[in-house]
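Q: Chain A is already provided as a structure; the job is to place chain B on it using the hints.
Letter by letter, the chains look like this.
There are 2 protein chains.
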Amino acid sequence: MQDRAAQLFRDLQSSYCDALESIDGEGVFQEERWDRADISGSWGGGGVSRLLKPGRIFEQAGVNFSLVHGVLPSEMVNKLIGEQEEREFLATGVSLVIHPHSPHIPTIHLNFRYLEVSSKAWFGGGIDLTPYVFHPEDFGHFHSTLKKACDQWDPACYERYKRWCDEYFYLPHRQEARGVGGIFFDYRGRDNDEDLETSFDFVKGVSSYFLESYLPIISRQRLTPFSEKMKRFQLLRRGRYVEFNLLYDRGTLFGLKTGGRVASVFMSMPPEAQWAPVEGYPSDCADSALLEVLSTPRSWIEEGGSTLSCKE
Amino acid sequence: MQDRAAQLFRDLQSSYCDALESIDGEGVFQEERWDRADISGSWGGGGVSRLLKPGRIFEQAGVNFSLVHGVLPSEMVNKLIGEQEEREFLATGVSLVIHPHSPHIPTIHLNFRYLEVSSKAWFGGGIDLTPYVFHPEDFGHFHSTLKKACDQWDPACYERYKRWCDEYFYLPHRQEARGVGGIFFDYRGRDNDEDLETSFDFVKGVSSYFLESYLPIISRQRLTPFSEKMKRFQLLRRGRYVEFNLLYDRGTLFGLKTGGRVASVFMSMPPEAQWAPVEGYPSDCADSALLEVLSTPRSWIEEGGSTLSCKE
Numbered sequence: 002m003q004d005r006a007a008q009l010f011r012d013l014q015s016s017y018c019d020a021l022e023s024i025d026g027e028g029v030f031q032e033e034r035w036d037r038a039d040i041s042g043s044w045g046g047g048g049v050s051r052l053l054k055p056g057r058i059f060e061q062a063g064v065n066f067s068l069v070h071g072v073l074p075s076e077m078v079n080k081l082i083g084e085q086e087e088r089e090f091l092a093t094g095v096s097l098v099i100h101p102h103s104p105h106i107p108t109i110h111l112n113f114r115y116l117e118v119s120s121k122a123w124f125g126g127g128i129d130l131t132p133y134v135f136h137p138e139d140f141g142h143f144h145s146t147l148k149k150a151c152d153q154w155d156p157a158c159y160e161r162y163k164r165w166c167d168e169y170f171y172l173p174h175r176q177e178a179r180g181v182g183g184i185f186f187d188y189r190g191r192d193n194d195e196d197l198e199t200s201f202d203f204v205k206g207v208s209s210y211f212l213e214s215y216l217p218i219i220s221r222q223r224l225t226p227f228s229e230k231m232k233r234f235q236l237l238r239r240g241r242y243v244e245f246n247l248l249y250d251r252g253t254l255f256g257l258k259t260g261g262r263v264a265s266v267f268m269s270m271p272p273e274a275q276w277a278p279v280e281g282y283p284s285d286c287a288d289s290a291l292l293e294v295l296s297t298p299r300s301w302i303e304e305g306g307s308t309l310s311c312k313e
Numbered sequence: 002m003q004d005r006a007a008q009l010f011r012d013l014q015s016s017y018c019d020a021l022e023s024i025d026g027e028g029v030f031q032e033e034r035w036d037r038a039d040i041s042g043s044w045g046g047g048g049v050s051r052l053l054k055p056g057r058i059f060e061q062a063g064v065n066f067s068l069v070h071g072v073l074p075s076e077m078v079n080k081l082i083g084e085q086e087e088r089e090f091l092a093t094g095v096s097l098v099i100h101p102h103s104p105h106i107p108t109i110h111l112n113f114r115y116l117e118v119s120s121k122a123w124f125g126g127g128i129d130l131t132p133y134v135f136h137p138e139d140f141g142h143f144h145s146t147l148k149k150a151c152d153q154w155d156p157a158c159y160e161r162y163k164r165w166c167d168e169y170f171y172l173p174h175r176q177e178a179r180g181v182g183g184i185f186f187d188y189r190g191r192d193n194d195e196d197l198e199t200s201f202d203f204v205k206g207v208s209s210y211f212l213e214s215y216l217p218i219i220s221r222q223r224l225t226p227f228s229e230k231m232k233r234f235q236l237l238r239r240g241r242y243v244e245f246n247l248l249y250d251r252g253t254l255f256g257l258k259t260g261g262r263v264a265s266v267f268m269s270m271p272p273e274a275q276w277a278p279v280e281g282y283p284s285d286c287a288d289s290a291l292l293e294v295l296s297t298p299r300s301w302i303e304e305g306g307s308t309l310s311c312k313e
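Protein chains in written order, with the numbering used here: chain A, 2 to 313; chain B, 2 to 313.
No lab work stands behind these hints: they were computed from the structure. All values derive from a computational prediction rather than experimental measurement. Wrong hints could be hidden among the right ones.
Which copy is meant is left open, so a pair is good if it fits within one copy or across any two.
Here are the simulated DSSO-like pairs of lysine-lysine, each with C-alpha atoms no more than 30 angstroms apart in a straight line [to be verified]:
(1) K230 with K54
(2) K80 with K258
(3) K232 with K205
(4) K232 with K54
(5) K149 with K205
Bound conformation, chain A alone (with noise of 0.2 angstroms):
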């Protein structure tokens, strides 16, 4: 499984890669091959790194792929599969993090990823959107994607997956969602609820899902023009974006404790953030419909039309 784990996410990286260098029109991906010195002093596996910056879309887009294997720490292993000790470990996975130029064409994170510890195996991973300016028919195509592909491999985990997603990209500091959500979910596999092979073809198959999810979403807002409160409005929400990075994300946190690139582990870091000093936003940008719905996660599977189709 590890080989073929691997190869899937080989395969997604190029693949995305490809598709973001087309509707961009001018970026190109850069690649960097890296190594990883495993705390067992072997040699720990390593990553190939993609990042296109800046382009005539995105302002930063970055494709990571990565196999690491040796020893966890101890702490890590206790988090993970409830063991007290270090453990052998082999992590794979794809990471995506693209950051628009234009507040109109929302913030993107997919992960996948296989782990192994010590006899325990599972896959986890999503996709999350963190929008900058309120584009209610944009957040519905985007779920009700995510939703079809959910249901098309696993019918009912959408819900679960979607609330999963609703807690886990939440800032208790801020009392606010990162973004509108998406899917998440981890551990498939590992407590023998489901065989490896099927866990597998759920990764595969929602995986695949991610380019028409968000693809027609750049389409239909690339040429909206955009006032220099959103961009002010854009920037704030990075901040906070930054925010949970630091502060909470896992694969951020896993990836600096186990010796990743810190250059590909903070890909996901904006290239530019700013913070006002104040309690919320400031009221002379803030976009208080988009802050409603960070405030109270809802549905998006109604609400917003399902009906933008992937064709420019």
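A: For chain B alone, coordinates are given in the frame of chain A:
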């Protein structure tokens, strides 16, 4: 001691603000008062936040006073005094963070605080400098002034507190110091190593040297022209400042965990920061002399002059 410590910190807030307004010449501090709800449900104190932004010299300057009390979660009690249960606590302090426009003028951070947890009481604090351009004479002036202050009230502590500062303001994942340090100390008086009266005198004495340590640097650098590359490097280094605050800073995490006012806790955040998705820094803007001292902290007492005076 509660009252006297709180009064000292209020007075420091006032005198720091007056001096900063005076040297900026344009910005005026705005004051906001806030109340804190304790986890026990009762009133838990509050604070007075003063914020100047943006002025002629300062892009953002915050000087906060707070006096909070109530019940401290057992996890925090354990960290502070090694006991395992919820305890009554009181904390009062003054914090200051200044982000100047010009990369020639360093960001500065100051904090002095008094804590009571259960039957223990102690003082802590520090002052540290985060420069963006290598100006060894300024770093020398800064450290010499702090050494003079320490020597007057507790000879021999400067070296220890300088090292403590270098160790505390360090980003392991970047293998880089936050800046050129200063002094940092904690738990003065907690373990009956000295009486609280002596700790109080030390804090009062050292804090009175803050303006002398910083204002002459402003006077010397305020008109120095800077390039776009220097500004870019400042914004990238501010990104690291954000990383430190959210990943490691105990004050920030203490504030968030004890229900402090988020806008006050986060007044340390820069108004604007950037990230570059590369290892280290982009070579076209990095100040290599500065990076050298960030990767290997050194003494600033002999090298730099301490001849700058506080007069403009």
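Q: It remains to establish, for every hint, whether it holds in the given structure.
A: Each hint tested on the structure:
{"no.": "1", "hint": "K230 with K54", "result": "both (24 angstroms within a copy, 19 angstroms between copies)"}
{"no.": "2", "hint": "K80 with K258", "result": "both (13 angstroms within a copy, 21 angstroms between copies)"}
{"no.": "3", "hint": "K232 with K205", "result": "neither (36 angstroms within a copy, 45 angstroms between copies)"}
{"no.": "4", "hint": "K232 with K54", "result": "both (18 angstroms within a copy, 20 angstroms between copies)"}
{"no.": "5", "hint": "K149 with K205", "result": "within (14 angstroms within a copy, 65 angstroms between copies)"}
Checked against the numbered hints above, the structure breaks only hint 3 and satisfies the rest.
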